[in-house]
Every structure is written in C-alpha cells, then in structure tokens.
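Participant: Residue numbers (our numbering), protein chains in the order written: chain H, 1 to 426; chain V, 1 to 551.
Be aware that a few hints might be false.
[As the list claims (entries may be wrong)] Beta-carbon label-pair distances, calculated as ranges:
no., chain 1, residue 1, chain 2, residue 2, range
1, V, D418, H, T337, 25 to 33 Å
2, V, Q191, H, E317, 34 to 42 Å
3, H, E272, V, E284, 45 to 53 Å
4, H, T337, V, D106, 27 to 35 Å
5, H, L293, V, Y247, 52 to 60 Å
6, H, D121, V, Q48, 41 to 49 Å
7, V, R288, H, T337, 55 to 63 Å
8, V, E103, H, E141, 49 to 57 Å
9, V, R288, H, E317, 46 to 54 Å
10, V, G259, H, L293, 41 to 49 Å
Calculated directly from the structure, the hints in this document are not laboratory data.
Since the structure is predicted, the reported quantities are computational estimates derived from the model, not experimental observations.
Quick reminder that beta carbons are idealized off the backbone N, C-alpha and C, glycines included.
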Amino acid sequence: MQMAEMIGAAPVRDKLRALGIVALNGMFDENDAESVLRTAADELLTGELAVVSSFGADSVVLLHLVSQVNKDLPVYFLETGKHFDETLDYVETLKERLGLTQVEALRPSNADLARFDPNGDLWESDPDSCCHIRKTEPLNEALKQYGGWVTGRKRFQTSERGVLPHFELTSDDRIKINPLAYWGEEEIAAYKAKYDLPEHPLFSEGYKSIGCAPCTSAVAEGEDPRSGRWRGLNKAECGIHFDFNGRIANPVAAKHLTLFRDGKFIDDPFKEFEEGTDPASARYVHVPLPEFLAHRDAYLASPHPLGLLVSPGDKVEDAAADLKRFASIAIKFPAFTDGRGYSSARLVVERYGYTKEVRAVGDVLADQIPLMRRCGINALVVTHDATRKALEEGALAEVALFYQPVGATEVPAGTRPFLRRAAANQ
Amino acid sequence: MYRYDEFDTQFVKGRVAQFRDQVNRRLTGELNEDQFRPLRLMNGLYLQLHAYMLRVAVPYGTLSSRQLHKLAHIARTYDRGYGHFTTRQNIQFNWPRLKDVPEILDELASVEMHAIQTSGNCIRNVTTDQFAGAAADEIIDPRPVGEIIRQWSSIHPEFTYLPRKFKIALTGAPNDRAAVKFHDIGLMAQQNEQGEIGWKVLVGGGLGRTPMIAKTVRDFVTHEDLLAYLESILRVYNRYGRRDNKYKARVKILVHEEGIETIREQVEAEFAEIQGGVLTLPQEELDRITAYFAPLEFKPSNATFDLPKLKAENPGLSRFVMLNAHEHRQPGYTSITISLKPIGGVPGDATADQMDAVAELAKAYSFDELRVTHEQNLVLPHVAIEDVPAVYAELQRIGLAEANAGQITDIIACPGLDFCALANARSIPIAQEISKRFGTPEKQSEIGELKIKISGCINACGHHHVGHIGILGVEKKGTELYQITVGGDATEDAAVGNILGRGFIAEEVPDAIQRLVDKYLGERANDNETFIQVVKRLGQEPFKEALYANG
C-alpha cells in the first residue's frame, strides 16, 4: 500500500494524526534513514518540511541525505553569534559541496540581545537563558510556517535520547523527523567514508559534538559524544528539543509560563480545548467531562495524551472508571467563590485514587491555594500577578496546622492524634 | 470548660498571622475590596453603614471571666466602650479600625478566642443551649460534641466556599433552647432503644426571607459517625446547593426544592462511602474533650428558694428569681440569666464596665464560667442558691438586674438601620419603645411569657419569624413600615409566625402590640395560659381582628 493512499490528501497533518504516529514508526527499517526522510519530504509533509542543522560534528550525514532527497529543502542553521569560526566556514563548505540551495541562518532578535545579554556574557551566568534567546526563540519563530522538521538526533548520543523514534508528534502540533535515530557511530563513520564527506575542522581535535564556542569542549575517549557540551553544568540540551515531560530550560520566558507544579512554573503542554474538536484527533487538551461522556468510546480509543476538565456541576462519578486514562485532570474554579471544585478534587484523588496531575484552573488566588492543595490539587494554572509572586517566593499566607483529615496524602493512619496535625512540607 | 492546648494556640496564632498579611495586602492595595471581602468575611470582619464591624466567636456560647475581661478591654481600647451580643451567641464590635483588627485578633488569641468563620460562606460558629451542662432536663452535655464540631469545621478546606453560610446548632436537652430547627443543621441528643446516646439530625431549617423548619434526615447517628455524617451533608450541599441566586443558596432551599427524600438518599449514599473512614470519632478523643467539661466540684447543699419569704422581704429579688433563675441539675444551685434588655435599652449591648463586673461575678459565684444566649442575654450557669442575693445586688449596681427573662421586654432585635447596611428599617428604637410601654413589673407579671422578636429587614437576623409576636421592618415608598406576625415558636414545637396584615409606621407599633396583648389577656383561659398557647388554641384570626379593629 502506498503511503499517499494511507494518509490521503490535505490537510496533511490531520490525516497524519488520524493515521497515528505509532503506525508510522513501525514502517521503516531502523537504519533506513533515506526512506524516512524521503517519505516525510515527498508524501507526509510536502512543502511543509524544514531541516534544522547545527553544522556540527555529525551534521554532514543528515545534510548529505537531504541533498539526495531534495536539494531545495529549507535548511536552518542557528547562527547564535557564538559559533567557532571553523563552524561558519564549514557551513559554506557544505553548502557548496552538497549543492543545498536553501540554507538560511536564524539569528537572535536584537531586542532580546539588548535586553537579556547586552554584554554578550549571558552564557556564563545563565546558559539556559542564553540558549533560549539564541536558539529556541528564533527557531520557534521560523518553524511556525512548517508542519514538521528534521533533526539529526541519534539515540546513542545521550541516555535521554535513547528512546528516540523516527517520528515524534510534539505538543505544539508538529512532527519531528529523526531519520538517524537508530544510527550508531560506526554507521556514521561508514557513511562519511562511503561518500567521502568533509569533516568538521574541529572533529579531529576531539570535538564530537559541536555547538557554540563558549559552551563546547573536547571529549575524551569513552565519554558520551555530547558530554563536551555545557561541561560542568547540569545541562545536556539547549532547549529546542524539549517537550512534554522534558525538562524545560527557558527561565527568560518564565513570565509566560502559567503552570505551577513541583515548586516552579513550567511549560504547559496542554492547550485550550476547542468546541467541535474531533475526538480522534484531540491531544494535549483537557476534554470537558460532558464532551468526554458523549464521545467516550472515541476518546478511549485515541492513543493521544489527553486531560479531563471537571467543571462545577460535573459529576466526576460519571467518569470514575476512566480517570486513569487521562494524563491530567483539570478542576475548574470559574470564580474563586465557587467551592464545588474542592469536592470534585477530593473525590478524584481520595475516592477514585487518581495519582497523576490534578490542576486547578480558572480563578486561582493565593488565599485559596492552601485549601486546593489540601484537597489533592498538585498543579495550578495561575495568571494573577500577586499570586504568581507569592507562589514563586513560597510566601502564601496560610495556617500550617490542620484540624481535619482531608486528602489521600494527609492521613498517615495511626501516626497522629485524631484530626489534628501540622501541614506537610509543600 | 475547654482550654486550648499548644496545637489550638498555634492554630489561632497562625490564623491571626494569615489575616494580618491579608489586611496588609488590602492596606497596600495589593488586594482590592472585591478580593478582600471574602477573606475578611472569613474572619468575621464586615463593612457596615458607618464602619467595619468585627464579630467574635463565642463557641457554643461559653466564656470564662478572663475572656469577658478581655472583651471589655477590647471594647474600651479599640471601640466605643461597649459590645453587642448577638443571636448567634457571638459578640460584635461596631467601630474597630481596619488597621487595628490584627491587634484585636492578637488580643483575642491571648485568651483563646478568635473571629474565625463568624461570617462568610462557610461553617459558622456552632451554637447550643445556654444552660448546657447545667440544665436539669439534659440528656447529655452538648459542649464536648460542640467543641469537636468547632475543630472539624475550622478552616475545612472543602467547605470554605460553600454556596452560602452554614449554621449548626445542637441541643442536649429535649426542651430546645437553641432553636436547632431553624438552623442549616440541627442536632438533638437522643437515646436509642439500646440505651445509647446519639443525635437526631435535622437539615434545612432557617429564617431569612424564606423561613423553613428543618426536616429530619436521620433519626439517630452515633457520636462515632457524627463527623462523617456532617461531612456527607456538607458535601451534598457544596456540590448541589444553588449558586445562581444568593437568596436561594441556603441548604433549606435545596431541601425544599429537591425534597427531603432526595437529600436523604444523596446524604446516605455519601455517608455509605465515608462511614468508618478517617472521620470516625474515636471514643478516646470524645473522652479527651469531654474531660474538659467534667462536672464541677459543687458544694453539697439542699438550699432552695423560699419564694413566699423572699417576696415579703425583697419583692425585686423574688421577681428576679422567679423569672431569671433556671433549674439546675445540681441541688442547691441555679443558673442565672443576666438580662441585657434593661427597660428602654438597646437589646444585647453591654458596656465595658458591665462586662468587667459580670466577669467578676462569674469568678466569684459561677466557677469562672459564663454563657451567651441566642436571646442576647448572658448567663451565670452555676450559682449557689445562697449566693443569689449577692449576685442580684451587684447586678442592681451595674444596671443589669432586670427581671424579665422570657418576658415581653426580653426582646430580640437586630442592629437594624442604625448600623446595618442591609436594613430597611430601624429595629432598636422599636424595641426600646415597646420595652418602655410594657416595662413595669406589674404589666410584665400580668402578661407572663411573651417573646417579641424584631428584624429590620427580611434577612431576619432578629428572628421575627419565630417570635410569639414578630415585627418585620420593611421600606415602602421611602417610609419605614412594620409588619406584625403572631404564632412563631423557636423551640422543639417549632412554628413560623404568620403576617397579620398591612404594616404600621413606627409610632403606631406600641399601640398595635398593646391591642394584641389586650386580646390575649381577654381570651386566656387562666393566668397560666401563655400568649403562644392562646394563639395556638385560637389561631391568628382573633388577633388579626383585634389588630385592625379600629382601622
């Protein structure tokens, strides 16, 4: 069967979702990078695909593959302004050698540089933020026009990348294609040799993974190839590859983050649910409980990450048996004076034993948060400025002693006098 | 009485610190009034016509002399030298400044008092019989369970933003002096067939613009299950109570609209889920709290009142004993009601000096204990009969010796238009005029028990629905008018009074009451038949005729 038949005509991405990314990932031999790339470029995301390359140590393999498939594919290079001169030379070398026609450098915005890195030394004090303004932001902007992008990531590079598939569906609704996911160092070396591809000038000096000059060092024999990146820091990724469940490394953008969990504001993979969304294609949304009940079978059949939205007046009992299917449950507080959500939260957590994320959404204010937490809510979507500040500073005004047992985690049976105890450390 | 342990002390201190932070955020403008309102209300702070009003909880109406001294001190230091005792056994200060409120709360905390949940849409201060632990007719002292309910309901995270306020009252005696049938939940002590003591649970009572008598949801709940049962009711109410209209948000409306059977079904279903869980009250905990209310060391005494002798020697004292002394379970003792209804005075008000003097009386003559009644009086619960003359003399000195408990001048009145932002009409001046009209001992003696209750608007804080005679202030075309009801009853024979007809202007009210009283005196079968008994026997018609006879 032809891929085109399976996924049909435009809108391509909807069909892709309907097909399910899971199926795609079973379709290619692990090392058949060229077929993966060709299918993506010619059938899945025609005209909607870009390549992102660091023009680093191994980049030449992917770029060569691109040249085999389509020399006119857009190739983005993150020109952070901090690269080795050798890297910039290498970009020109490869363009010429491979005949790539659409290589484009993405530069950080002058406004961001002026505001966050006026002296050019942000990499030293706050490398996460440096990566964010020099890589993540420009790339996000450029990728807006594409349905998917190709990366050169490989499983063997770091332990975190050890589960990388050929096709990833990201929470911002794009497809990431990783043709080289299963390649090892041997395959790469053999491929380079076969086509006599030019090495990065620094490769022979021990640089196995090459990023910006200040944050890249050579690696010793036997080290992870990427261990020379941000050496000495608890940092292994620049941020462009983070997604749901990944660590998020963009404190510069913290002002935009509204999801507070585990003591900090983090990136929220979930989006607003839109009326009329096809149950089969919904993902990373909190499905309103009545909507879920109306299309229960369709939602249960969907392989995508979903949340459940419980509004005041909804009976969580009606979905009790299905709660475990959801990655997150949102309890809605349309006004802070509407206390029905407290009961819903307790039922979800205490009666139905739900242990994943239970988030409060809506009118979430500082003085209600201690009560919400006691009722089992473990994440908060907060937009009120003073409340955000209080949360970040850990300065919620609350009474740290409780008279009544509430919440599944609050009752260590037999460990305290009846009803009364101090607050657990939040 | 109950004494705070370290935990309670820290809890209240924590709450004061929290509120201090909230006040500061209001004063700096971080919180706007809309955001501050529910927070201050949760701590008893209202914004009234002229100023903030702070309502301080007197849990189940019990005070020590030290606490009353502190209330006097607060009245003197932060207010205008007096306080106002309310129908919910609380005390209100009418003139505190916002910036002083955290200080006041600190002062209160130093004597184990607080303002937690005296307003707002949460579980309010629990109330009970003012003679609890003293009354001769008691099945059980309700205060230990009252204290347990106080603790369970304090900053309950699930029930702090209910559809509307929620009031729980309990009585340990079959003669209900706590108006439990007019509360969101009423608890009446019961003995079951096995001889166990537990609670009959009523739900959905209330006054306000839609008066309702509570309905029985369960005949018997053990102490052990009580908190789980209360939590079940609260959860049903929190989830299903109406939130679209604040005037239909009380649980009485839910019970009325859904029917008690449906509510019972929902409550029982919830209870089936949580019965036997963490809210199960261990006997040891009940015993621990009960120990605080252990019987006092009464002196053995066979003293009784010799009324004929008293009447000859001291007619004033004899009247006082007849009306203001309540039968005590302990021979030789009595409970003394201190009327805060001096003739022509403001019902429920006490000056700082009076509070200090009453506190001293409690220390000297009543085991250091005091009660606040829902009829806005104070009680010395445990007075040796031989000490009554001394107590009376001191009360005379401070102007609180009025012998009128339960009489026509023992009027409940809300603050009305003189203070309250909600009121349509004045209440206090009406109470004062009626009090003056019928104030002589002779008139009161002739009339006997007659409870008049006055509210300045349909929110019914003055309990007019359950007055034997109820007076409701309304506003019609810019004029304050007073509607009159008869037949209300707050006791175990609960009844809501009926409006007799068109309203009267303020000046006409004393005459109108006079006509009702005259009718009663003319109709009663004998001197012992009370006003309410006559109304129940004859119905309202004769009274309606009397009221409007002359146009």
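Participant: Decide, hint by hint, whether the structure agrees.
Facilitator: Taking the hints in turn, this is what the structure says about them:
Distance hint check: the CB atoms of D418 of chain V and T337 of chain H are about 29 Å apart, consistent with the given range 25 to 33 Å. Restraint check, Q191 of chain V to E317 of chain H: a C-beta distance of roughly 37 Å satisfies the suggested window 34 to 42 Å. Between E272 of chain H and E284 of chain V the CB atoms are about 52 Å apart, so this pair conforms to the stated range of 45 to 53 Å. One distance hint, 27 to 35 Å for the beta-carbon pair T337 of chain H and D106 of chain V, holds here, with the actual separation near 28 Å.
Here the CB-CB span from L293 of chain H to Y247 of chain V is close to 32 Å, at odds with the stated 52 to 60 Å. Taken as a hint, the range 41 to 49 Å is violated for the pair D121 of chain H and Q48 of chain V, whose Cβ atoms sit roughly 60 Å apart. In this structure the hint that R288 of chain V and T337 of chain H lie 55 to 63 Å apart at CB is violated, the actual value being about 36 Å. Range check, E103 of chain V to E141 of chain H: about 55 Å between beta-carbon atoms, so the 49 to 57 Å window is met.
Under the hint 46 to 54 Å, the C-beta atoms of R288 of chain V and E317 of chain H, about 36 Å apart, miss the expected range. One distance hint, 41 to 49 Å for the beta-carbon pair G259 of chain V and L293 of chain H, is violated here, with the actual separation near 26 Å.
The structure shown violates the earlier hints numbered 5, 6, 7, 9, 10.
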